[in-house]
Amino acid sequence: FKVKGKLDSYAVKRVSLFPMGGGKFILVLNAALRKGIGKKHGAMVTAQLMADESPFVFNKDFLDCLADEPAAGAFFKSLPGSHQHYFSKWIDDAKTEPTRTKRIALAVNALAKKWGYGEMIRAQKNPLLP
2 FKVKGKLDSY AVKRVSLFPM GGGKFILVLN AALRKGIGKK HGAMVTAQLM ADESPFVFNK
62 DFLDCLADEP AAGAFFKSLP GSHQHYFSKW IDDAKTEPTR TKRIALAVNA LAKKWGYGEM
122 IRAQKNPLLP
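Throughout, my numbering is defined as the position within the sequence shown, counted from one, plus 1.
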């Protein structure tokens with residue numbers, strides 16, 4: 002599930018906790034979080050976390066493009082919410098506007114072909130796939 006709060010004084014939101022079993026969870030500190038808190042491997046971190054019930058916000062430009070492509074939009078809406086999130090998060094994770102624009106185009110084209118996120122990524126890595 003998603004949490005928000007602070008790691009030391011670094012604010013976080015919509016960060017995933019992963020179940021480890023026995024009622025225990027783990028918070029994975031990816032590169033962006035590690036850079037944000039400025040800690041090295043093995044350093045102590047003070048965590049203040051609570052459940053984050055805020056709704057997921059989709060990339061607006063992506064939704065606008067889907068509205069212009071009815072087949073892609075219809076397939077996108079048929080996907081489970083978590084699969085829809087994969088596309089939008091991948092677009093939002095782009096570091097530059099040209100990359101973001103390219104990802105929107107790739108996603109809309111993949112959805113028009115009724116491809117899920119995984120199929121799109123595999124096809125991007127291997128252009129010989131259908």
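These aren't lab readings, by the way, just hints derived from the structure by calculation. All values reported here derive from a predicted model rather than from experimental measurement. You may find that some hints are simply not true.
Computed cross-link-like contacts, DSSO-like style, restricted to lysine-lysine with a CA-CA straight-line distance of at most 27 Å [stated by the list, open to error]:
#, residue 1, residue 2
1, 78, 114
2, 36, 5
3, 114, 5
Structure-based check of all given hints:
1. 78 to 114: holds (14 Å)
2. 36 to 5: holds (17 Å)
3. 114 to 5: violated (36 Å)
Violated hint: 3 only; the structure is consistent with all others.
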